[in-house]
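Asks: Single-letter residue listing:
6 protein chains.
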Amino acid sequence: MKHRAVLAVGICLGTVIVPVLSQAQLFTPTKEQMVEYTAQNPFERFSDGRPKIPDALIERARGLSAEEVWAVLPGQGFRNQYADGFKVLHPEKKLAGRAFTVQFMPLRPDLESLINTRAKAVGIPRMNNQVAIDMLQPGDVLVVDLFGQVEGGTIVGDNLFYYIMKTTRNGGLVVDGAIRDLEGISHMEMPAYYRDAHPTPISNVVLSGINVPVRIGKATVMPGDLVFGDAEGVYFIPPALVEQVVDKADETHIHDEWTRKKFDEGKYKSSDIYGSPKDPALKREYEEYLKKRLEEIRKNNPK
Amino acid sequence: MKHRAVLAVGICLGTVIVPVLSQAQLFTPTKEQMVEYTAQNPFERFSDGRPKIPDALIERARGLSAEEVWAVLPGQGFRNQYADGFKVLHPEKKLAGRAFTVQFMPLRPDLESLINTRAKAVGIPRMNNQVAIDMLQPGDVLVVDLFGQVEGGTIVGDNLFYYIMKTTRNGGLVVDGAIRDLEGISHMEMPAYYRDAHPTPISNVVLSGINVPVRIGKATVMPGDLVFGDAEGVYFIPPALVEQVVDKADETHIHDEWTRKKFDEGKYKSSDIYGSPKDPALKREYEEYLKKRLEEIRKNNPK
Amino acid sequence: MKHRAVLAVGICLGTVIVPVLSQAQLFTPTKEQMVEYTAQNPFERFSDGRPKIPDALIERARGLSAEEVWAVLPGQGFRNQYADGFKVLHPEKKLAGRAFTVQFMPLRPDLESLINTRAKAVGIPRMNNQVAIDMLQPGDVLVVDLFGQVEGGTIVGDNLFYYIMKTTRNGGLVVDGAIRDLEGISHMEMPAYYRDAHPTPISNVVLSGINVPVRIGKATVMPGDLVFGDAEGVYFIPPALVEQVVDKADETHIHDEWTRKKFDEGKYKSSDIYGSPKDPALKREYEEYLKKRLEEIRKNNPK
Amino acid sequence: MKHRAVLAVGICLGTVIVPVLSQAQLFTPTKEQMVEYTAQNPFERFSDGRPKIPDALIERARGLSAEEVWAVLPGQGFRNQYADGFKVLHPEKKLAGRAFTVQFMPLRPDLESLINTRAKAVGIPRMNNQVAIDMLQPGDVLVVDLFGQVEGGTIVGDNLFYYIMKTTRNGGLVVDGAIRDLEGISHMEMPAYYRDAHPTPISNVVLSGINVPVRIGKATVMPGDLVFGDAEGVYFIPPALVEQVVDKADETHIHDEWTRKKFDEGKYKSSDIYGSPKDPALKREYEEYLKKRLEEIRKNNPK
Amino acid sequence: MKHRAVLAVGICLGTVIVPVLSQAQLFTPTKEQMVEYTAQNPFERFSDGRPKIPDALIERARGLSAEEVWAVLPGQGFRNQYADGFKVLHPEKKLAGRAFTVQFMPLRPDLESLINTRAKAVGIPRMNNQVAIDMLQPGDVLVVDLFGQVEGGTIVGDNLFYYIMKTTRNGGLVVDGAIRDLEGISHMEMPAYYRDAHPTPISNVVLSGINVPVRIGKATVMPGDLVFGDAEGVYFIPPALVEQVVDKADETHIHDEWTRKKFDEGKYKSSDIYGSPKDPALKREYEEYLKKRLEEIRKNNPK
Amino acid sequence: MKHRAVLAVGICLGTVIVPVLSQAQLFTPTKEQMVEYTAQNPFERFSDGRPKIPDALIERARGLSAEEVWAVLPGQGFRNQYADGFKVLHPEKKLAGRAFTVQFMPLRPDLESLINTRAKAVGIPRMNNQVAIDMLQPGDVLVVDLFGQVEGGTIVGDNLFYYIMKTTRNGGLVVDGAIRDLEGISHMEMPAYYRDAHPTPISNVVLSGINVPVRIGKATVMPGDLVFGDAEGVYFIPPALVEQVVDKADETHIHDEWTRKKFDEGKYKSSDIYGSPKDPALKREYEEYLKKRLEEIRKNNPK
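Chain order of the listed sequences is A, B, C, D, E and F.
Position one of the first sequence corresponds to residue 10 (the numbering used here), numbered consecutively onward.
Position one of the second sequence corresponds to residue 10 (the numbering used here), numbered consecutively onward.
Position one of the third sequence corresponds to residue 10 (the numbering used here), numbered consecutively onward.
Position one of the fourth sequence corresponds to residue 10 (the numbering used here), numbered consecutively onward.
Position one of the fifth sequence corresponds to residue 10 (the numbering used here), numbered consecutively onward.
Position one of the sixth sequence corresponds to residue 10 (the numbering used here), numbered consecutively onward.
Keep in mind that the hints are not guaranteed to be accurate.
Which copy is meant is left open, because identical chains are indistinguishable; a pair holds if it fits in one copy or across any two.
Simulated crosslink set (DSBU-like; lysine-lysine; CA at most 35 Å straight-line) [stated by the list, open to error]:
1. Lys308 x Lys227
2. Lys287 x Lys270
3. Lys276 x Lys227
4. Lys257 x Lys308
5. Lys40 x Lys287
I should point out that these hints are in silico values taken from the structure, not numbers from a laboratory.
Could you build the full structure based on these sequences and the hints that come with them?
Replies: Listed below in structure tokens is the structure:
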């Protein structure tokens with residue numbers, strides 16, 4: 010949509026230059042646009058402007074649960090950042106990484122022709138899923154809006170899934186659409202969330218945007234969001250709220266520890282202890298426990 | 010997305026100038042972008058670049074059926090231009106007009122703040138559904154992507170529906186979302202296609218694009234498409250194919266006339282006459298009938 | 010499936026001979042098989058063995074309601090003869106006629122090739138929906154098992170619908186699949202029950218049987234069944250039970266008359282009168298009313 | 010549940026005494042309990058304690074739309090009072106009346122035996138739908154929780170529907186379940202909301218409560234609520250809020266009048282006039298119009 | 010609903026007295042009412058009147074399968090005691106315990122206010138899920154009617170799930186609604202059946218009854234029922250039928266043993282052996298085997 | 010349907026003769042008919058005419074994935090041979106075997122009486138699921154069309170499942186319907202695909218055909234098809250295409266090996282290597298690798 014910006018993305022595993030993609034793509038933002046979209050980002054950015062949540066925070070996020078995200082986001086006005094109803098490849102694994110978004114639309118030849126004409130002008134022979142996949146970075150989660158399409162909505166099979174796993178270093182995949190080669194993929198370790206598996210290759214769609222805001226279920230995802238998934242579903246957390254979420258989660262973990270220790274003693278009704286202790290002495294005991302444990306944890310997780 | 014273009018849209022019912030909307034909107038195209046999106050348009054354009062299928066063709070399109078559109082589009086590679094599953098306000102009325110598209114996304118405060126900051130910079134106090142509605146032209150059909158949301162996905166109630174009816178001169182509405190005030194709306198004559206009615210006002214969404222390509226069901230709609238609807242569903246026809254569709258439909262109408270006349274004679278099995286007559290004499294009879302009737306029709310519909 | 014029988018069906022509107030169809034069709038029964046399938050039929054038969062419920066009974070059946078059929082069938086062990094969930098073309102019209110059944114299966118080329126080879130051997134160029142439609146008789150209801158397929162499951166458009174209407178003299182259509190040209194069809198008077206309308210022509214299926222037992226929803230339909238439909242759904246009544254159903258319905262109609270007359274008097278609670286009057290005097294009154302009215306009705310409907 | 014209270018309900022059309030039903034019923038409240046349930050009711054009560062919204066208010070409520078109810082209820086903390094997804098018998102008619110609630114549960118013989126033993130003890134031979142129906146009063150709407158059951162969940166057929174229409178004087182029916190004899194019922198004028206029609210009689214359920222709080226969809230309905238329905242769905246309005254709702258609706262009607270008059274002038278964009286006029290002169294004009302029209306209306310609707 | 014009874018429930022893990030809950034709750038039964046509801050119970054009762062199926066029978070029930078329950082219940086007129094469509098936490102574990110039922114309704118402020126006023130009057134600050142949870146006993150299964158609500162319908166998260174597991178000694182949970190903290194819960198051993206997991210805390214509902222008859226899917230559950238679950242779904246078995254069910258299951262287990270032994274011999278068609286052996290010698294062999302094995306089993310399971 | 014053929018099926022585990030079943034069954038084919046149905050079969054046949062894909066090919070098919078089948082079938086015109094949406098008993102196991110098909114229809118007493126009369130005439134006391142099960146051969150997969158019925162649509166419980174496992178030597182089961190005794194079945198090793206589990210025994214259906222073409226989802230299955238299933242779904246492959254499918258899959262396996270080896274080197278973008286290498290040197294490298302590996306594989310799998 011913008012005609013002059015040059016997007017020079019260093020590809021992690023090779024030396025190839027991805028050319029001026031914002032010229033080639035219908036909705037792909039320039040670096041200035043990306044910065045404007047994500048103005049509240051408190052962290053560094055990739056060379057294309059996408060927010061780069063620090064690796065250490067992503068690692069801490071792996072200890073979250075969906076409930077701990079929920080404890081912060083709606084209170085900050087972010088009520089639509091959760092998507093569920095997925096099939097989950099490894100429900101016992103947590104997903105945590107930076108959103109790399111891709112948008113598809115139902116194929117129409119005039120739109121496809123426009124997009125491929127633009128692509129050719131910058132040296133990309135044909136705009137397809139691999140153009141986006143080849144731009145992935147370590148720590149990325151590929152987030153794909155395929156508007157729920159299953160037949161022909163298969164973003165990857167086992168070979169490209171393997172490539173993504175290698176390139177993102179086990180980042181992950183969230184697709185509002187399908188995957189193929191489920192049998193082969195099920196032996197790979199990368200977390201993945203998908204609507205269904207289907208044997209058809211991707212078809213009858215056109216790639217309309219890379220790293221644009223996309224819709225997954227009833228959530229809007231921005232490039233650079235922290236993507237967090239557990240057995241229940243997936244959360245998309247704006248970079249500006251990530252630290253608050255993981256800090257609050259530390260307290261929740263300690264609260265859970267203490268609560269269950271008390272339940273194990275077998276002397277209390279649930280309402281004596283939970284949500285918060287009613288007895289002043291217990292309350293004090295809890296607060297001291299919280300303080301001590303937080304200090305221990307924070308020592309191990311220096312900011 | 011583009012920062013310099015000025016979009017001066019003459020509003021039909023007043024004298025107000027819509028300011029530089031492509032600066033204010035996330036995905037709203039400049040005139041140059043609009044022309045590029047719809048490069049195959051054979052007709053004139055509005056001042057913002059949107060294709061303007063001639064009124065006469067729109068009137069002829071009102072005689073179409075969905076099957077007659079289907080008879081042309083897939084053969085030209087356009088297999089996804091049909092959407093159904095709507096509630097239809099007046100199934101006995103045909104819908105025909107030019108697509109004016111609007112896209113919404115699930116609300117997130119950072120995105121909304123970005124959009125409203127941009128809007129204010131060009132003099133629009135708040136970006137909402139009325140900004141788009143105030144841009145409608147006679148002959149337009151408002152096509153709204155609200156990603157199927159019903160509660161809070163109500164694009165208009167009866168007052169704004171009334172305004173659209175007046176402004177578009179009975180153009181029409183297609184919303185992948187909801188309407189409210191169904192009772193009041195049901196007394197108005199404008200054709201409308203919607204997923205459901207709900208008493209909530211529009212909420213929890215953000216307007217992310219005006220006259221951008223949008224998804225309605227499994228169809229991609231471009232601004233300026235001919236929107237055609239009957240009791241079955243809605244077709245979105247690229248301007249470049251409109252003439253071919255209505256010409257082909259003339260033949261189909263004549264074929265139907267002749268076929269039923271023959272069936273009324275009671276002398277034939279269905280397969281003697283339909284799809285096409287098998288007997289050479291009948292075939293000749295049909296071809297002469299077709300030629301004569303086409304001439305009569307074309308006299309009344311000069312190009 | 011049988012190799013020698015010759016099925017000479019006189020076609021009502023023409024003089025063409027339908028050739029040995031039971032040789033051509035995968036599951037089409039011979040006359041002997043048809044008689045065996047429908048051994049309990051108490052009425053005459055068509056020349057191909059299909060039961061021919063008398064026209065007078067069909068006319069009386071038009072006065073039924075679905076509840077009156079239900080009042081008899083389950084008690085006779087027929088618990089699965091009802092199908093609903095259809096779109097109903099003219100909900101205010103009653104459907105009543107003799108089942109002419111057609112079965113389709115998902116296309117596979119080896120099956121299609123087998124069927125068309127057999128068809129050609131008896132002079133039918135290609136086995137398709139019109140082969141069945143050309144066999145319809147006055148009073149028939151075309152009952153089509155298209156296993157719920159909508160896209161490509163369109164048994165007829167408006168031209169063939171018109172033909173069926175003329176040939177069956179407003180018999181009717183029940184399709185566990187779709188129709189096309191809904192707009193055109195909606196102006197025709199014949200009752201029709203269908204899952205949905207779609208613009209595609211029939212495709213990706215193969216005609217596998219004519220006048221075989223078929224499944225419609227969770228009901229098994231035999232050729233020659235009385236097909237009865239009202240605004241709720243469709244009943245398939247074995248010929249042997251038709252008389253019992255319409256006789257019982259006469260009593261129900263009289264019971265309704267009397268019950269509402271009593272309710273109109275405003276002197277009774279519902280339970281005084283309905284299901285049956287509790288007061289002995291009222292009971293006697295009702296029984297006399299029933300007897301008198303039955304005599305009047307039977308005079309007009311001599312068996 | 011309570012053992013001594015005597016519920017003497019005068020039945021409108023007869024002189025029969027409904028015996029001590031709260032003894033017979035599992036959950037049927039005594040008069041004291043009913044008053045406690047509905048303590049905020051500002052109006053008179055029936056002899057069994059059920060709130061009796063005045064007839065005049067009910068008549069005014071017939072002019073409401075679902076949106077006008079929504080404009081008041083959520084702001085008062087009542088966010089769950091709306092139910093939709095019904096089939097609507099006469100979508101062009103408004104439903105307005107006092108809730109008379111009935112609750113059913115899936116049949117289990119021990120529960121049924123308990124209920125019928127209690128019923129017999131107070132002279133009711135068998136507890137069934139007619140026990141409740143015989144208690145209906147003019148102006149009542151029968152609200153039935155049949156937990157969505159369609160087969161066997163048919164609260165009435167055409168005879169009892171007719172009785173309800175006569176007894177409640179066109180009050181109405183809302184059933185989270187089914188009706189039977191749709192064909193016969195469709196000729197009667199009383200508004201009705203139901204999930205589906207089915208030919209089976211009511212069966213496999215047990216009547217567990219009369220005039221208890223019930224669930225309809227995701228709404229809780231209390232006996233004596235104002236039940237309001239239009240083409241969209243049904244609202245259950247607590248008596249304490251009815252006056253506020255209809256008063257606010259008067260203003261909305263006037264606002265609609267004025268808005269459309271302005272739109273008809275063709276001089277304004279929608280946002281100049283709607284939601285509220287922006288120009289101070291227009292604002293004044295509207296306020297004067299509102300005042301004048303309110304006075305006219307209030308003259309005709311004295312409190 | 011009743012004003013005098015005092016419900017003194019000994020809480021297993023503490024010494025706190027649950028006050029007169031039947032005064033506080035809308036539908037909570039008194040001891041007399043509980044006894045009346047469950048009059049056919051052949052076993053002892055808890056101090057609040059709830060039937061107490063003996064521990065030994067519950068242990069035997071853990072060897073059941075859903076089919077073995079089905080083999081007895083419908084024949085006794087209990088056709089609606091089965092619910093399925095749940096997500097199952099540990100499908101490989103069997104659920105067996107005594108039903109402790111809780112009913113919720115959609116929130117309306119007048120109802121909530123009534124309930125909390127009553128609760129305060131007996132010393133409960135606020136009526137919520139923990140009031141019920143604190144009443145659980147060893148061997149109980151918490152059965153919760155949340156009318157299928159998922160968002161906001163989350164009866165417990167991992168802390169309260171842990172408390173229930175400890176208090177009921179691995180009893181179990183069946184909720185026609187949701188749970189939260191699935192990730193944490195999935196590491197705990199207690200069997201649980203739920204519609205879905207969601208990150209929201211419980212909200213927008215009001216607790217309307219404890220140990221009242223509730224609806225789970227299409228089943229009515231009474232307090233004190235034996236709740237049995239396997240990988241297929243959940244059965245609710247009235248105390249009076251428990252012994253018959255487990256006795257009959259012993260025979261089924263022996264029949265399965267013998268049948269498979271015979272199949273392993275490889276000399277028989279399935280119909281020679283199953284449902285029952287046709288050959289008189291085999292029949293005798295089986296009957297002797299049954300008798301011998303029953304004796305062995307009964308020795309280990311003295312009544 | 011045919012009256013003279015004698016179907017002498019040698020039962021694998023016993024010596025019993027299955028009598029003239031094609032006389033007994035509504036749609037069961039004679040040997041001549043079976044040969045005609047499956048005329049393109051390149052392999053040997055069973056004594057009843059059913060194609061017998063060689064054991065060695067079935068073993069090779071166990072290495073397939075659904076995608077590899079898809080790579081061949083649609084290109085040969087077989088676009089409907091895939092069914093999914095099943096619950097899968099052992100998703101980690103592959104299903105491969107010869108289709109033995111069974112068709113059921115909703116029960117109607119006249120049809121059942123006809124079928125059982127025929128059955129008795131040839132010595133079968135009652136036509137039921139065990140008649141079909143007793144005909145199974147080693148390597149068979151039982152494919153059952155129960156039109157999606159779950160309650161009462163339970164083709165087998167654990168005893169008959171065990172029998173099938175023994176008789177077919179772990180062949181498999183695909184049922185468009187249900188199973189019962191899921192708990193018991195889940196410990197058995199045979200692959201199975203079913204819509205759901207339910208405790209009811211099979212009922213309210215009638216067995217209408219053995220080894221006839223059946224519909225499973227949107228696929229037509231012929232007796233003797235290769236049934237292949239993995240974690241995604243089930244494919245039905247005509248015998249004539251089996252060899253082509255497994256040969257092509259060998260190439261795909263090699264291509265996968267090479268592609269991942271290259272990805273592991275970390276020097277390439279995905280599009281350098283996949284779908285096919287773009288660099289001529291890499292292309293050559295791949296072709297040599299393919300040739301060498303194919304030779305190795307073919308040595309181990311001599312035709």
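Asks: Give a verdict on every hint.
Replies: To see whether the hints hold, each was checked on the structure:
| no. | hint | verdict |
| --- | --- | --- |
| 1 | Lys308 x Lys227 | neither (38 Å within a copy, 48 Å between copies) |
| 2 | Lys287 x Lys270 | within (16 Å within a copy, 61 Å between copies) |
| 3 | Lys276 x Lys227 | neither (44 Å within a copy, 38 Å between copies) |
| 4 | Lys257 x Lys308 | within (16 Å within a copy, 58 Å between copies) |
| 5 | Lys40 x Lys287 | between (53 Å within a copy, 30 Å between copies) |
Figure legend: structure checked against the earlier numbered hints; hints not met, in rising order: 1, 3.
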